[in-house]
Amino acid sequence: MANAIRALAMDAVQAANSGHPGMPMGAADMATVLFSRFMKIDPSKPNWPDRDRFVLSAGHGSMLLYALHYLLGYEDMTIEQIKNFRQLGSITAGHPEHGHALGVETTTGPLGQGISTAVGMALAERMQAARFGADVVDHYTYVIASDGDLMEGISHEAISLAGHLKLSKLIVLYDDNGITIDGSLDLSESGDALMRFKAAGWNASRIDGHNPEEIAIAIERARTSDKPTLIACRTVIGYGSPNKQGKASSHGAALGADEITLARETLGWGHEPFHVPAEVVEEWRAVARDGARAQAQWKARFDQLSSEKQQEFERRLEGTLPASFAKTLNEYKKKLSSDRPSWATRKSSEEALNVINAIIPETVGGSADLTSSNNTRSKDQKAVTPSDFSGSFIHYGIREHGMAAAMNGIALHKGFIPYSGTFLVFTDYCRPAIRLAALMKQRVIHVMTHDSIGLGEDGPTHQPVEHLASLRAMPNLYVFRPADAVETVECWQLALEAHETPSVLALSRQNLPTVRTTHTDENLCARGGYELSPANGPAKVTLIGTGSEIEIALAAQKLLEAEGTPTRVVSMPCVELFEAQSKDYKKKMLGEGTVKVAIEAAIQYGWDRYIGPDGAFIGMTGFGASAPAKDLYKHFNITAEAAVASAKACLKA
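Residues 31 to 683 (our numbering) make up the sequence shown, in order.
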C-alpha cells in the first residue's frame, strides 16, 4: 500500500519534470498507517462534519496527498489528474489548494502555515463539541510536518498556543528525515525539536518512521493523551531510490527515468508507470468503506438530536447568518444616527460587537494580548480555557502570526466565524495567513486598530502608513476604514456577509464625530464609496476621504463652500467594493469635471487612479513621529486648510 504512494509520486513528478518526490517516498509508511488504521474519513462524503482532519503541512510533498486520494477513491482524483500533476487546469497543483480538489482541508505550501492552521481546526473541534456534544463532534486533527515547518517562526507560536490550551486531539507526525533543500539539516539547525515541543506542553517521542507497528503504537498512545502530541518519525527522504535516498537531490527534482527503474526494482514494484494493481487499490478502497460505515453511524447519532439542534448545527456549518441579523443591525444603526456618539471607531466596533455577538452565537473573537486596545471582547463573552471550551473569546497571547493562521483553521473547520484583533501595523506579522485566507476564500475578520498617525505618542514603529495600500493590493480581501459609528456597523455587516472574502477593519484610536446623522435602511458602505455630503450647486471640487480623515474633508468642504466654491465629500470606506461598481457609478461618485482631492493619513500609493494627474493628495509621504495626534496632523499638514489650499491650486492650474 505504501509503495503505491511511492510509485505514483515518482511517476507524476517525472512526467511533470517538476515537483518533490523525496518527501512522499519517505513519508509513505506513516501516511499509510495513519489512513488505513486511524483516519475517520468518507471519500464519498468528503465534507462530513465529524471526519478527522488531515493537514499536509509539508505541502511541497503534495503527491503524497494526491496519491492517497486516488487510492482511497475520491471521485475527482482520477489517474488522469495524477498524470497531469502540476499542469494548467488540473486539480493536482504543485501545492495542495483548498477548494480545488475534494478532501484538501487547507491550502499549504508556505511552511509553518499548515501546522498552525491545524491548531485552529483542533480548537474549533473542541469548541464545537462543547456546544453540541461528543456524540456528534468527536474527531482528531492530524498533521504531517517537515523540518521546514518546525523551523519557521510561526510554528513556535502555534505549538505554544496548542500546548497551553491542551488540544489533545491534535497529533503531528514529524517527517524527521534530516534533510533540507541545501543539504543536511545540521547545516542550519542544532536544536532539539522534541524538547521544544515538550517545553510547550506537548508529548513528544521519536520512532522509526518506516516501522508500521511503531507508528501505530505511537498514534494509539497519542489518541489517549490529555496533551497534543508530536511523533518524530525518523525517515529516509526518497526511500527506495538506491542512488538518491537520504540525499537533498531527491527533495525537489524528478529522480530521472533510470533511477526510477532502479527504485522499482529496489521496492519490488514491477508495474508500469501510473498503474496500481487492482488488489492494492482494493485494500485502499476497503479503508474508504470503513469510513463510510463510520459516517453512517455518526448520521444515526446526529438524527437523535432535536430538530431544532440539528437545524442550528447545519446553519452554522453552512455559514448562513440568523434571520434576524440584518433587521437587528439596521435598528441599531438607526439608533446611532439619532444618538450621534463621538466614539473612536475601535469603540464603535466594540459596541457593534455587543449587538452582533448577541444574535450570532457562532462568532469567536480574540486578540493578540490587546483586548482592551482592540475592544474585541463584547460584554457577555466568556473566555476559552484549557478546561472549558464553551466560551467564545480566545486569548491568543502575543502571537499575531499564529493567531491569524489559527483563525483560518477555525473558519476552514466550519461552524464558526472567527475574528480577532491587533494593531494595523502588525498586519505585517499576519500577512501570510491573511493572504491564504484570501486565496482559500475564507470568511475571517481581522480587527486592526490604531490605524494611522492618529494613535499618537507610540510613534512611527506603531503608526501604519503603507499598510492600507499594501493590503488593498491583495486580491480578494476587503479593507474597511469606516468614518464613524454608523459606517462601522455597516462595515461589520459587510464583513459578516462576505462568505468567500476575508476582511480587515482598520479602526481609529482617536474619537470621531458621527457623520451619518440621517438614517437610511440601505447599507451605503456596500458601494465602497458614496456621496456623504453634496455640494451647494454644481460641484467644482470633490473631496474623497476615508476613516478619521472624513472629519477633515467635511471641515474643508465647509471652508470652500463659504468662499463660494461648491464642494462635495465622498466617503470611501472600502476601495475593493468601490472597484466592483459599474463604470457609470464610479464616474458619478468621483465627479467628472471636478477637481479631486483625496485625504488619508497614509501614503498616496493607489490614490492616483481616483484623483488623476490634475488632482491632489493630502496624506503621508514618509514615516510618522511620536507626539499627540493633533500635533502630528498639523505637523504632517493633514488639515482642512491644506485640503482647501490644494483644491484652490488645482482649480487655478
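Hint data in this document are derived by calculation from the structure and do not stem from the laboratory.
Worth double-checking, as some hints may not be accurate.
What the hints assert, rightly or not - Derived lysine-lysine pairs resembling DSS-like cross-links, with alpha carbons at most 27 Å apart:
| # | residue 1 | residue 2 |
| --- | --- | --- |
| 1 | K257 | K357 |
| 2 | K682 | K618 |
| 3 | K377 | K412 |
| 4 | K257 | K412 |
| 5 | K75 | K113 |
| 6 | K75 | K377 |
| 7 | K664 | K678 |
| 8 | K660 | K588 |
| 9 | K471 | K616 |
| 10 | K570 | K613 |
| 11 | K664 | K682 |
| 12 | K409 | K339 |
| 13 | K660 | K678 |
| 14 | K339 | K329 |
| 15 | K570 | K588 |
| 16 | K444 | K339 |
| 17 | K570 | K471 |
| 18 | K570 | K682 |
| 19 | K70 | K664 |
| 20 | K471 | K75 |
| 21 | K471 | K660 |
| 22 | K277 | K357 |
| 23 | K678 | K618 |
| 24 | K570 | K618 |
| 25 | K196 | K257 |
| 26 | K617 | K570 |
| 27 | K196 | K412 |
| 28 | K357 | K329 |
| 29 | K616 | K664 |
| 30 | K377 | K357 |
| 31 | K660 | K613 |
| 32 | K113 | K228 |
| 33 | K196 | K70 |
| 34 | K364 | K70 |
| 35 | K660 | K377 |
| 36 | K588 | K616 |
What the hints assert, rightly or not - Derived Cβ-Cβ restraints for the label pairs, each shown as a range:
| # | residue 1 | residue 2 | range |
| --- | --- | --- | --- |
| 37 | A308 | G349 | 39 to 45 Å |
| 38 | Q327 | A356 | 36 to 42 Å |
| 39 | G642 | F304 | 53 to 59 Å |
| 40 | Q341 | K365 | 43 to 49 Å |
Glycine included, C-beta positions come from ideal geometry on N, C-alpha and C.
Hint check results:
no., hint, in the structure
1, K257 to K357, "violated (44 Å)"
2, K682 to K618, "holds (23 Å)"
3, K377 to K412, "holds (19 Å)"
4, K257 to K412, "holds (23 Å)"
5, K75 to K113, "holds (24 Å)"
6, K75 to K377, "violated (44 Å)"
7, K664 to K678, "holds (19 Å)"
8, K660 to K588, "holds (20 Å)"
9, K471 to K616, "holds (26 Å)"
10, K570 to K613, "holds (21 Å)"
11, K664 to K682, "holds (25 Å)"
12, K409 to K339, "holds (26 Å)"
13, K660 to K678, "holds (24 Å)"
14, K339 to K329, "holds (14 Å)"
15, K570 to K588, "holds (14 Å)"
16, K444 to K339, "holds (16 Å)"
17, K570 to K471, "violated (41 Å)"
18, K570 to K682, "holds (12 Å)"
19, K70 to K664, "violated (62 Å)"
20, K471 to K75, "holds (21 Å)"
21, K471 to K660, "violated (39 Å)"
22, K277 to K357, "violated (62 Å)"
23, K678 to K618, "holds (22 Å)"
24, K570 to K618, "holds (13 Å)"
25, K196 to K257, "holds (5 Å)"
26, K617 to K570, "holds (15 Å)"
27, K196 to K412, "holds (18 Å)"
28, K357 to K329, "violated (34 Å)"
29, K616 to K664, "violated (31 Å)"
30, K377 to K357, "holds (22 Å)"
31, K660 to K613, "violated (38 Å)"
32, K113 to K228, "violated (42 Å)"
33, K196 to K70, "holds (22 Å)"
34, K364 to K70, "violated (49 Å)"
35, K660 to K377, "holds (19 Å)"
36, K588 to K616, "holds (24 Å)"
37, A308 to G349: 39 to 45 Å, "holds (41 Å)"
38, Q327 to A356: 36 to 42 Å, "holds (39 Å)"
39, G642 to F304: 53 to 59 Å, "holds (57 Å)"
40, Q341 to K365: 43 to 49 Å, "violated (31 Å)"
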